[in-house]
Amino acid sequence: MRTRRHIGLGTFVIIVIVFFAIPLISLLVFSFTGADGPTIDAWASIVENPGFYSALGLSLTLAVLTTIASLILMTATVLWVHLRAMHLRALVEGITLLVFAIPAITLVIGATGLLLGLAPWALGSPLILVPFYVVLSFAFTYRALDAGVRAMDLQTLVDAAQSLGAGWPTILLRVILPNLRTALLGAAFLTITVVLGEYVLSSLFLYETLPVFMAEIGTAEAQGAAALALLTVLFTWGLLVLVSFVSRRLGGGRPQMTVVTT
Amino acid sequence: MTTVELRSVRKTFGDFVALHGLDLNMTDGEFVSFLGPSGCGKTTALRIVAGFELPDGGSVLLDGADIENAPPNKRDMGMVFQDYSLFPNMTAIENVAFGLRVRGQSASQMKETSGKMIEMVGLKGKEGNYPHQMSGGQQQRVALARALAIQPKVLLLDEPLSALDAKVRVSLRNEIRVIQQELAISTIFVTHDQEEALTISDRIAVLSQGQLEQFGTPEEIYRHPATPFVAAFVGESNIFHGTIAGTHDAPSVRIGSVEIPVQQAAGRSSGERVRVLTRPESTYLRVTSEGDGKGIPATVVSQQFQGARTRILTHLDHVEDPGAVILTDVTGGGHDHFAGGVRVNVTFDPATALVASAEELESATVAQ
Amino acid sequence: MMTRSRRIPAWLGLLPFFLIAFGFLVWPAYSVVLQAFVDSAGAFTLENLSAIFQAQYRDAFQTTAALAFITAGIGAIAGTIMTYAVSVLQRPRFLKSAMATFSGVASQFGGVPLAFAFVATIGSAGLITTWLDDIGFDLYGTGFSLLSFWGLVIVYLYFQIPLMMIMMSPAIEGMRAAWSEAAENLGASRWQYWRYVGIPLLTPAILGAFVLLFANAFSAYATAEVLTSGTVNLVPIQIGFFVQGNVFAANSQIGYALALGMIFVVSAALALNLWLQRRVARWAQ
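Residue numbers (our numbering), protein chains in the order written: chain P, 1 to 262; chain D, 1 to 368; chain V, 1 to 285.
Here are the simulated DMTMM-like pairs of lysine to aspartate or glutamate, each with C-alpha atoms no more than 25 Å apart in a straight line:
| id | chain 1 | residue 1 | chain 2 | residue 2 |
| --- | --- | --- | --- | --- |
| 1 | V | 96 | D | 15 |
| 2 | D | 74 | D | 5 |
| 3 | D | 74 | D | 28 |
| 4 | D | 153 | D | 66 |
| 5 | V | 96 | D | 53 |
| 6 | D | 124 | D | 112 |
Simulated from the structure, these hints should not be mistaken for lab results.
These numbers were taken from a predicted model, which means no experiment stands behind them.
Input sequences plus hints: build the corresponding full structure.
Below is the structure:
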């Protein structure tokens, strides 16, 4: 009686797993597909394409800058909220969730309108993307850091450190940050993943980041795009799996991984 | 009118043997407790009776008939779980009526029966409350009403009071017993609390590590524990270290430098190191200066006035550990002659003292 | 950065956060709302709003809503069953944690890489397409195309289902074994348990998650743009046209009205989800 149910459910699970596996396998196979059989032409053309390197460089730069900026801003904010402004916690959290109510595409149209009108020069540099990316990272970065801080009973540790004579730089470096390692790593990896895959803002602000580059060559060289897509997938998924693994090793819960930025 | 019998019931989970072949015969209308520490197999046995686990060996018989092939929803037993099992989306009365609903009773029938059940457990007026609006004790009463509403042949309770406050636990267990007796329904009650079991059961099955240690009335279990485990687990015991002495016909135990005749010491080899277990109320003190000198020399450490009785703590002379005390219970108060420092002689009732080897007692107490 | 002085007011330490949030989130959003009610000269008008209820824009809303509804619906059902199945099936042992990691990761899989993954699978030269061709079935001959509404439905499911699994996991895990055992003990069949206890309990969670899935699909831009680049009439795509200036409409402010409409739909969905969450919290003990 119980096993019959299990067979039905088991079959369903297998079907779904197959549905998820096939596109990944296709990416792999397709990227090696040529007119006369398996070939690494697609991969070769990517590697030989100068556009690839500049796109990759741009994406990585943006990712690093965004991550640093976001981590500094959000860590400071979360710590401040927990130490001095608990009554404002709901407000801050509400703002981070506001990002879900303002889809990226609507953010773009509002932002471009404003920028074109008020500071058209700002659109000249890809760095304009960074603050927007930081905003996009609000939700999950805040959640990860907040969870990390809540798990460490911040006030008690700070009080103990101060009673032992430590100044703020010491407290920050030796007491607070080490205990936030998991949260920081989780938030960092997620931010990198999101920035590397971000298309809406970068394409409409007319910057050739990696996804934009991918979309462009996709029309002419589908295999090349598939190769790139595979690379992206492997890299970001590798990062995310690393996050799970690391957070389990270092202890302290897994970071919240729901991000809604398609 | 239902009898429940377990015949050589065995159960293993992977490498772990939960039950080693349990034999139990319950009579009709009896309240039986399965008592033991966590992991002893009591809950497993209950779940096998309920049908949620299938035994790996042996059988369960209801009124003489093997019920192995009956699924849990066809066994006509009512079960009360430890952890609030009330359906959160239903009110109290809807919960109670659930078993009746799945039996296809009419709305008016359901209303009448569940109404009566709610009243029986003392929750009249709370029918419309949801579980999260009720206290733990109230929830368990609803659970009881729900189990009884279907008029089951057997009532099964899986540590129903363990998650409740002490006071609620005491009042609720009495209520359960009263209801059970009124309905004369065969009941199995699983608990790790020996006081609970002693208070409300007709008979108690003491289990340890998957084995039945003893099956008897509360008095039998308490007064005549069959194994060291039962002696150590149920009630409190004093433990005297000694060696077997005396003869075949007059067995005794040498404790310290005193030889005390103990009937239970028979059959053991001379010189064997043993432990003698006595209950505090079967342990006696005599002020040395007033007595006949018989008994183990000791000094009174302190007294604890506990209302209906006074507990006197004494330290035996020959025992090195200053923290090891012997407990003696005497009724009432006013036992000032047993003040701290007074020299006394300790004796005990030789008929009820239990003798166990050092290893037997080790494994019994470790199991706790 | 943080001094011990008690004279620094609480809000001041949050100033950087508030400034960034304001400048790059609140202000652009506000601008959208404002511009939706304003014509190109700057005067107040309701024309932009009325325009989006007509012709191609109304069509866009309908198509986008349909896409969101269908993918959310299928995603909700498949995701719930999947979560339940993984929870019930005890073997293989690693299944549950593998699924948890996978769903966390797959729900992120969107935009451009996802689009090309499906091009590689069921695109006109994709793997499955070719394989079907080899066994005699002409997929594209039936009129199906990846670059269409139904193509998008399939692609969107790839992140909708894992997202559902993530959201339903706590609810499914929270279903106490005691409930199904108590029901069984009282004589209920499996179906009766689900009908009277299981489904009523899970419904708020499922609906809440469904609504979030809807919002998620409604606001998706990248995948649709890369795959269909305008051949499927969707609101996000239309807004994108306005940003790029690829619009033949006389009124360039319509884009803002569209964006406002989208914000409205998504916010309504989020509010609905919040309300449903509160109902779930009642059972959670």
